[in-house]
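Enquirer: Chains as they are written, first to last, in this note's numbering: chain A, 1 to 247; chain B, 1 to 597.
Honestly, the hints are just simulated from the structure, not real lab data. Think of the CB as a built atom: it goes at the ideal place given N, C-alpha and C, for glycine as much as any other residue. Be aware that one or more of the hints could be misleading.
Pairwise CB distance ranges, derived in the manner of DEER restraints [said to hold, decoys possible]: (1) B:582 to A:133: 24 to 32 Å; (2) B:558 to A:82: 25 to 33 Å; (3) B:582 to A:209: 41 to 49 Å.
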Amino acid sequence: MQPEEQTITLDGQKIPFQPGQTIMDAALAAKIYIPHLCYHPEFKPHGSCRLCTVMVNGRYESACTMPAAAGQEILNNTKELNENRRALTQMLFVEGNHICPGCPKTGNCQLQAVAYYVGMLSSHYQHFYPYRDLDPSHPDYVIDFNRCILCELCVRASRDVDKKNIFAISGRGIKAHLIINSPSGKLEDTDFAVGDKAAFVCPVGAILRKRTRYTTPIGERLYDQQSIRIVGDSQQLHAGATKYGRK
Amino acid sequence: MSTIDMTTIHTTVQEITHSYAYQATELVQMLWQVQEKLSYIPTAAIDSFAEILKLPRAYVAGVAGFYSFFHDSPRGQYDIYFSDNIIEHLQGKPQLMDYLLQKLKVEIGKPRADGRVTIDNTACIGMSDQGPAMLVNGYTVTQLTQAKLDKIAELIETQTPLSHWPTEFFQVQDNIQHKHILLGEPLEEGLAIRVMLARGTDATLAEIEKSGLRGCGGAGFKTATKWAFCRNTHADERYVVCNADEGEPGTFKDRVLLQSYADLVFEGMTVCARIIGAHQGFLYLRGEYRYLLQPLEAVLAKRREQGLLGEQILGNPNFSFDIKIHLGAGAYVCGAELALIESLEGKRGVPRNRPPFPVTQGYLNKPTVVNNVETFALAARIAVYGGDGFAALGTKQSKGTKLLSISGDCLRPGIYEFPFGVSVREVLEACGAQDTQAVQISGAAGTCLSAKEFDRKIAFEDVATGGSVMIFNRQRDLLEVVRNFAHFFVHESCGFCTPCRVGTSLLKNLVEKVYTGHGTADDLKDMSHISQILKTASHCGLGQTASNHIADTLKKFPEVYRKRLLVEADFEPAFDLDSALEEARQITGRRDELAYL
Chain A
1 MQPEEQTITL DGQKIPFQPG QTIMDAALAA KIYIPHLCYH PEFKPHGSCR
51 LCTVMVNGRY ESACTMPAAA GQEILNNTKE LNENRRALTQ MLFVEGNHIC
101 PGCPKTGNCQ LQAVAYYVGM LSSHYQHFYP YRDLDPSHPD YVIDFNRCIL
151 CELCVRASRD VDKKNIFAIS GRGIKAHLII NSPSGKLEDT DFAVGDKAAF
201 VCPVGAILRK RTRYTTPIGE RLYDQQSIRI VGDSQQLHAG ATKYGRK
Chain B
1 MSTIDMTTIH TTVQEITHSY AYQATELVQM LWQVQEKLSY IPTAAIDSFA
51 EILKLPRAYV AGVAGFYSFF HDSPRGQYDI YFSDNIIEHL QGKPQLMDYL
101 LQKLKVEIGK PRADGRVTID NTACIGMSDQ GPAMLVNGYT VTQLTQAKLD
151 KIAELIETQT PLSHWPTEFF QVQDNIQHKH ILLGEPLEEG LAIRVMLARG
201 TDATLAEIEK SGLRGCGGAG FKTATKWAFC RNTHADERYV VCNADEGEPG
251 TFKDRVLLQS YADLVFEGMT VCARIIGAHQ GFLYLRGEYR YLLQPLEAVL
301 AKRREQGLLG EQILGNPNFS FDIKIHLGAG AYVCGAELAL IESLEGKRGV
351 PRNRPPFPVT QGYLNKPTVV NNVETFALAA RIAVYGGDGF AALGTKQSKG
401 TKLLSISGDC LRPGIYEFPF GVSVREVLEA CGAQDTQAVQ ISGAAGTCLS
451 AKEFDRKIAF EDVATGGSVM IFNRQRDLLE VVRNFAHFFV HESCGFCTPC
501 RVGTSLLKNL VEKVYTGHGT ADDLKDMSHI SQILKTASHC GLGQTASNHI
551 ADTLKKFPEV YRKRLLVEAD FEPAFDLDSA LEEARQITGR RDELAYL
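So here's chain B without its partners, still in its complex pose (with noise of 0.2 Å):
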């Protein structure tokens, strides 16, 4: 891509600022905006934001550099991401991004040189039921094949623009296996705004409190507790906001949700919106799921000429509410409410400190409600038919059924909502999973169950899950799991505190240390030591789990560590002499037996 100059660039951030009314909160959707317009954020943008909105450089180049999706330097006019998930590359993910290379001569994260292409890695993009997929300009190509990827290469060779490929490539499944409640019966738009007003918004809350719901992303806070504490906070704004941020490896539901039951979703947010006394929402949606943008900004203007959102909501003079949707930019650490706030505001997404929590000080610094995508949606139907049928379902301390997202080694991968306290062997019989050698519940963060464990439940007071359920058959290799999680925290760390900044490093590292056949006993004592301090030091939630599926493999599947480890020494430096002598080699040109150690 050639040069842009100076004067368009200004020019068009001009226009993109005030578009935006020169919002700093803004930042995050404005920098998408240039880099959608120029494929990068090139240094005068930058620059010019600064300017206009009378913001130090620095900040706005920090801003831009923590964000995965933004890039300093140009992109291919075709810019694509694998999604880089164990799951997919279980089903073929690294041959198939090996081929695509090949075929289109390109290097893996560099422009072709004819600017036509970029080929790199993503972390998981939602699609692990349909994979292995891909991104291409932010729109989500799924169940990849050589053969499509022949086609997709033709189509960029030809430099057919995306509008022009076949409509097939671009569908998303929902893959629902199995429904209860929640996706069950269709619910009738605006009839739970409807029950509320009818039931006032003290008796409403009531049916919240009495439904038991707890928020589903996977901390599992009392929702009526969360929504009575916002609203009880003085204050003369306070906000809602929907965290559709679902970033945790091999989770889905939260997809399927906005884009089959996107209705509910914003009914669940108005009618929060109404008991604590908000005017604003926001739905916070993953940048992997920009092909839900447009479907989504359709559902709200249809909600608002419903007269279910805006002013005067369904005639009433004093109840307002809409709701603005927020791009993330590829940063799992913003599916974390404190992180995912500062995002909300256009910063870098690095989590604030607690306290105050954000039901006192969020967005703005106002009382803020922040709940996942499945809790609005259950919170909308609890309000229609009340909170006693939800609290029978469940157990003791986890009422009503969860989704989960079950992707890898099963027949039926896809969303399947159960009553909580269903058993893992239940999920696994549900899915047709068979010689099944372990499970990774709730995402790389998560637990890893071995089979003497499938009789553990699914509830917050056994196994707490967000929803995402993988499945490894005995025929996997447990530690190209532990491989491909350690890459990916180091890749998600937000680089805040010290032990998740290095210590996510250090365990890739020995990981792939161990994985060449070089590791030792001390190794595995440091990876544990190491994980320890990732549990007990880190800043957030993200560091505090990001060592789990290594201590828990460490735990319950040590062969698959002991089976590669150099027995016949306790320690091997990290530093290997004769790899380090190549360079000389090369430069030398020497090849003889003196050369080599």
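The following block holds chain A by itself, in its conformation from the complex (with noise of 0.2 Å):
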């Protein structure tokens, strides 16, 4: 029995989807790259970074939260949405303190391979500089607060599946950030472990894990070989899922 499949359209290309899941999630299975960095097909859509940002029908949504429709008209790899998504990229860059050849993440950073996929040269705006202290509490781990990018993944791992709420974000506007859930705000104040989910998710050098930052060379790193577009989310692959994405 084959009913007939419902299908949407991606710039001008046909792509089938199953009831439930969003643009994003057809576009992926199709292998289809939409630039993301707060989605992760584990946890439930975000929303927050909006580099995954398509024209449906007219409409500007993010294919993230997005529900697939049949006869959807999605607009996704254009001019004007990719420059958007430079913009975006660029005040991620300046919102915080990027600075990748110094940054134990590089090579494996999805907001460098995101730049990269979308041709960012240089910051532009104007730097915010902010001064936010590191978090080297815990024996395990450091946080590095100045790189995070809000994308809540980690709060979203820590909540839904280690079931610990370690993370959450306080503040508003431009002084949203990241904090920890104990008394002295420390990550060794919690019962953050190794094996957490939480531990896997960030899509940037917020979150490292000690002693293990420099296994792998500069150079031979997971985007220093391939685009983003082609290898799929690092932090996917780190927590070895392969739904989509690996080559």
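Both chains are sitting in their own frames, so use the hints and assemble them into the complex.
Expert: This is the structure we're talking about:
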């Protein structure tokens, strides 16, 4: 029995979808890359980074939160959308302190990989240079809040998978920031552990495993070899997920 | 203020949580209680809440950290906020604020050493028609003058309790200038409910449908359609929410309705509840209208006594409905229903993703109608008089009348009720505006109209508005307006999505760069592009409209920017080397020629 397949049209190409899938899910299943940072197939869609903004029947929507519906005409890989994605990436770069050559995550960082993909050659906007203290208190992890992009993947992973609620967001607007669930505010006073899902999901260099940061030399890392468009998300590869994208 | 010991704090939180039946949905209300008792929310109180309510500590801290009226360090015994809207700027607010700061010898945002007073800014508190205005410990003081501030300073220095301050300080005028069907004849209390019960819910909904009533908050969704969606969604419970979080700078019409027409509003909510089958309603009252809380509670109590609220309304055994007031805590974004519902559930006011829409999954994921104060008031009238009279007024797509909150450069600021379709020019004439340069319709997020557009009409099909009308004459510098709005959006962005969180700050910095004479043509290009990104990529309506004022003025009033640009350069770096050297000069004490560029 093969009922007529439901499809959406993405940049002129018809692709199938299953009921309940978002546009992002359907695109990735069809091996079409839509840039994203806060999306992760294992968690409830968030829609905060806005990189996956596409045009659906003439309206701007985030592909990761918009349910796929039969007959949608979607534009993704257009000059305008890609220019906006470049600007959004630049915004994330100037908001925090993302000094790639000095970051242990370089080559495995999705923000950096997306920046390559969208053709970002400079940060363009005025840097904010925030000053946020590091948290090196945990025996196995260090947190550099200066690199957090507020994707809330660690918040979701710790809450929904680890059931530990170790991370949350406080503040508002440009002062919104990641906080740790302990009276001291330090990671060492939580039960954060090496096996936690939340330890694997950071797309940037904000949550880093100690003593393993240079085991793979710079130049031989994931995105040093191939574009994120081909190879997919680093955190999923680290977490062993192979839902899509691995060549 | 001295440090309060941990045991006292824990006991306080125990009492508060007990009085709210340990409901985590009441967290914002409970945090208010702590702050009212202690002047701030100490870390120990966060710990106690987490322990007692069995919530993650960081969750409670995150909620407290979201709202601008909640503080994590002690405030003064008198906690003062000056309303920082552009209209009040034009009325002399900056000078008055400086005057009080000096008079009381206090630094902005910092409690005085003796803990007596704190003075700070806050976004528009809905008093533009009688500004400059301030909040003192949450209560509104209007029509500030230097003489009034002298008196206030004296009352503060003598530690006179607020209850002993002259009552006229706290009087808020309605300033109703033009009445029509909504503000006209008063309605007998309970009449809308009686007529609805006689007519039946289906027929009442049909009248609302026939009236063509659309949401008055600004979005303009058909009210009858919304109610029908909610009613037709299968669920064991439904809710009615009245959005009284009018935070759009320059609007104050809901204040007047809540102050003098509260019965009408509650009546509309009750009619809605009966139609959709809800038993619980909420009035989400913005924190800036704290002064209305007790009077509104009194109206609710009176209505319960009259049998118009509570169990068995008007003796109907299967008609029960009651209304709770939820006090906001300083967050413009909560005026957006998807954020309002989060806040109502005791969370951070970050707008939810949609779909699903609140009519199918709203408060506690149950079908929920969220409507503006004015919408409910109109619905009550339509329930009595039927839809035809209402539909006969207005335009093809915008039926009935609209309340406008008019402020700025005009002789008669206040509330004007006009049928939809009234032109901007007619509005300006009615309020006595002369030599008008620009009109900002629908608040900071709205549209800036130039004199060429004054024949445009107030209607959903032309200039849609939630009701704010701010008037600027030709003597005004529109870049001051832009600056004020740019700062407003930085303060009010919830921080969830990239374009709004970062883009509003970038825009503010660029506006400041132009304002201080360092802007170039390249900066204007950047402002246009960032504006476009905010509009197209933001998560919610706040971000999507947060750059309208810049896009509008760049297009319609380019000279406001161009006259300040550096003409000799295409580009000037935002980084100013000479001002960066100033710190080094100060440290080394060097003032010789070589220490400068």
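Enquirer: Next step is simple, just say for each hint if it's right about the structure.
Expert: Going through the hints against the structure:
1. B:582 to A:133: 24 to 32 Å: Given a distance of about 26 Å, which is inside 24 to 32 Å, the answer is holds.
2. B:558 to A:82: 25 to 33 Å: Given a distance of about 28 Å, which is inside 25 to 33 Å, the answer is holds.
3. B:582 to A:209: 41 to 49 Å: holds (42 Å)
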